[in-house]
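Trainee: Given next are the chains, with one letter for each unit.
Number of protein chains: 2
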Amino acid sequence: MTVTIIGIGLIGGSMAIDLKKRHFADKIIAVDSNKLHSETAKSIGLVDDISNLEEGIRKADLIIIATPADVTLNILPDILNKINNQTVTDVSSTKYGICQLVKNHPKRKNFVAAHPMAGTEYSGPWAAISHLYDGKSVIICNHKESSEKALQETEDLYGALNMQIIHMEAKAHDIHAAYVSHISHISSFALALTVLEKEKNEKHIFNMAGGGFRSTVRLAKSSSEMWTPIFEQNYLNIVDVIDTYIEKLQLFKNGIINKNKNDIENLIKSANKIKRII
Amino acid sequence: MTVTIIGIGLIGGSMAIDLKKRHFADKIIAVDSNKLHSETAKSIGLVDDISNLEEGIRKADLIIIATPADVTLNILPDILNKINNQTVTDVSSTKYGICQLVKNHPKRKNFVAAHPMAGTEYSGPWAAISHLYDGKSVIICNHKESSEKALQETEDLYGALNMQIIHMEAKAHDIHAAYVSHISHISSFALALTVLEKEKNEKHIFNMAGGGFRSTVRLAKSSSEMWTPIFEQNYLNIVDVIDTYIEKLQLFKNGIINKNKNDIENLIKSANKIKRII
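Going line by line, the protein sequences match chains A and B. Take 1 as the starting number for the first sequence in the numbering used here and just add one per residue. Take 279 as the starting number for the second sequence in the numbering used here and just add one per residue.
These are computed hints drawn from the structure, not numbers from a lab. Hints are not guaranteed to be accurate.
Claimed, not checked - Here are the simulated DSSO-like cross-link-like pairs (lysine-lysine), alpha carbons at most 30 Å apart as the crow flies:
1. A:K198 <-> B:K539
2. B:K481 <-> A:K275
3. A:K149 <-> A:K82
4. A:K275 <-> B:K320
5. A:K198 <-> B:K537
6. B:K551 <-> A:K149
7. B:K414 <-> A:K203
8. B:K414 <-> A:K200
9. B:K422 <-> B:K387
10. B:K422 <-> A:K171
11. A:K198 <-> B:K381
12. B:K481 <-> A:K103
13. B:K481 <-> A:K203
14. A:K35 <-> B:K553
15. B:K422 <-> A:K198
16. A:K136 <-> B:K553
17. B:K449 <-> A:K269
18. B:K551 <-> A:K203
19. B:K547 <-> A:K203
20. A:K171 <-> A:K136
21. A:K273 <-> B:K547
22. A:K269 <-> B:K537
23. B:K387 <-> A:K171
24. B:K427 <-> B:K337
25. A:K221 <-> B:K320
26. A:K103 <-> B:K299
27. B:K553 <-> B:K539
28. B:K499 <-> A:K198
What the hints assert, rightly or not - Short, incomplete list of chain B residues facing chain A, as computed with Cβ under 7 Å:
29. L331
30. N382
31. M395
32. S465
33. L469
34. K476
35. T506
Where is the CB? At the ideal position from N, CA and C, for every residue including glycine.
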């Protein structure tokens, strides 16, 4: 099977490695408006060929759109216009807007809205790694709007990536994604901004940062190109979660200011319940 | 050399493993008011002997207090009263209060105030691991108030643990620790509380949590016993950092509500500067 990946960065590139290695794809074609990305992908062996959008679509059996969420919204209708009967799937972290956008497209059934929940704080084809998806979950949204063939091909694709497939309505997906993914990025960006503002001595940050700070601030390295459109597209859910998050921080602040040991203990013990789950 | 470790949990226990393995200590004695902890430490081979406080002090060449910060404040003066000429060092994450407390103690010179900046989200002797300290930093505070002998012995101890030694005034330490350690824990506890409140379906948290959420929420597993006293003792600095943190979150919220793409991009790009440091 020939797989065309539109947008060959961390996400698309990591798929390319394992889809080829695991013989899901015989040939992988990269389409990327950023020539540096597509040429790097070719030169480091992530993909077999580079082509333009039209040719990439024409030659593909399966098309993966792995661009930032705003680009995906922009190009998906055009891609659906151009396909014959191939399957098209996307990877973006917000699903409601995109499902609404193509709801009535004549080729809607060829499209499968998916969100593989994996990544790192790095980006670009040079960040692509094998095994990125192994054991993680992929959310497939509004699967009844896809044809059986398109759904099966997409599920086979994620099967080859060793992902657990979960079906969910797009609206519910965006709410859950705000809780378990989007807020983590905001908390981490805000933490980096706080530390960079308060701690003018960068040497102190470097020397004193233990594993705890490193792990909470890791996501602050994530790219604006990827995350700005996600925050824009999922803004209602995200603002709601930020509000709750600020409330919880204020509970800590009040407990600490009032030297209310019991309150602080109870907050920490309630937070500890996350242990049962993760 | 015989080393007595008072409080044999993650921190003391991890020291015990490497101090013995690396021949810094010939014998390690555990003192712990929690019998389960001291007996576990003995039975899993972390320490050679268990004893009470008096005997532990008498037999020791070097005494490490590795208890939660409130316990350390409670027991340090008494320990200094009981020593002959041994060195006593502590590990607590707040240093100003403790340095103030023993400032005029006749045995002040035998004490070295230290903060090895390493840990995990787990606690108890069963959480102790080898190599916990390798390559991390230890902050030694107000070192001029310690005798040369006590300082040398403590620096040798941390040398055996492969730590980078940094000298700092206790007051400055507590400010920096609020930025690069304490706020990370609060951000993580608050994140856990937020997600547990918003996401009633625990299965969704488990299934949808990618590496990003896992890493930002990891510290929320940390124990109340350890962290409540740290927040109490460093409350002024911590409240100041929480305020800045909430301001930064509000900047994100405003950018997102107002759909101000430029603002969001600029915030993320500023946060990305943490890459240069960590």
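Trainee: Under the criterion that the straight-line Cα-Cα distance not exceed 30 Å, is the pair A:K103, B:K299 satisfied?
Mentor: Distance of about 65 Å is beyond 30 Å: violated.
Trainee: Hold the hint about B:M395 up to the distance rule: shortest CB distance to chain A must be less than 7 Å.
Mentor: holds, 4 Å
Trainee: Holds or violated: are the alpha carbons of A:K221 and B:K320 at most 30 Å from each other?
Mentor: violated, 43 Å
Trainee: For the pair supplied as a hint, A:K269 and B:K537, confirm whether the alpha-carbon distance does not exceed 30 Å.
Mentor: Cα-Cα ~37 Å, so violated.
Trainee: Just to be careful: measuring from the Cβ of B:K476 to every Cβ in chain A, is the smallest value less than 7 Å?
Mentor: Hint on B:K476: holds, closest Cβ of chain A at ~5 Å, below 7 Å.
Trainee: Take the C-alpha atoms of B:K481 and A:K275, compute the straight-line distance between them, and say whether it is at most 30 Å.
Mentor: Holds: B:K481 and A:K275 sit about 13 Å apart, inside 30 Å.
Trainee: Measure nothing beyond the straight line between the CA atoms of B:K551 and A:K203; if it is 30 Å or shorter, mark the hint as holding.
Mentor: Holds, at roughly 14 Å.
Trainee: Does the alpha-carbon distance linking B:K427 and B:K337 stay inside the 30 Å limit?
Mentor: Between B:K427 and B:K337 the Cα gap is close to 18 Å, so the pair holds against 30 Å.
Trainee: Would the pair A:K171 and A:K136 pass a check requiring their Cα atoms to be no farther apart than 30 Å?
Mentor: Given that 30 Å is the threshold and the Cα spacing comes to 21 Å, the pair holds.
Trainee: Restraint: B:L331 near chain A, CB-CB cut 7 Å. Satisfied or not?
Mentor: violated, 25 Å
Trainee: Would the hint linking B:K414 and A:K203 be met if the CA-CA limit is 30 Å?
Mentor: holds, 14 Å
Trainee: Are the Cα atoms of A:K198 and B:K381 separated by 30 Å or less?
Mentor: Measuring from Cα to Cα gives roughly 29 Å; hence the hint holds.
The structure fails to meet hints 6, 10, 13, 21, 22, 23, 25, 26, 29 and 30 from the earlier list, while all remaining hints are met.
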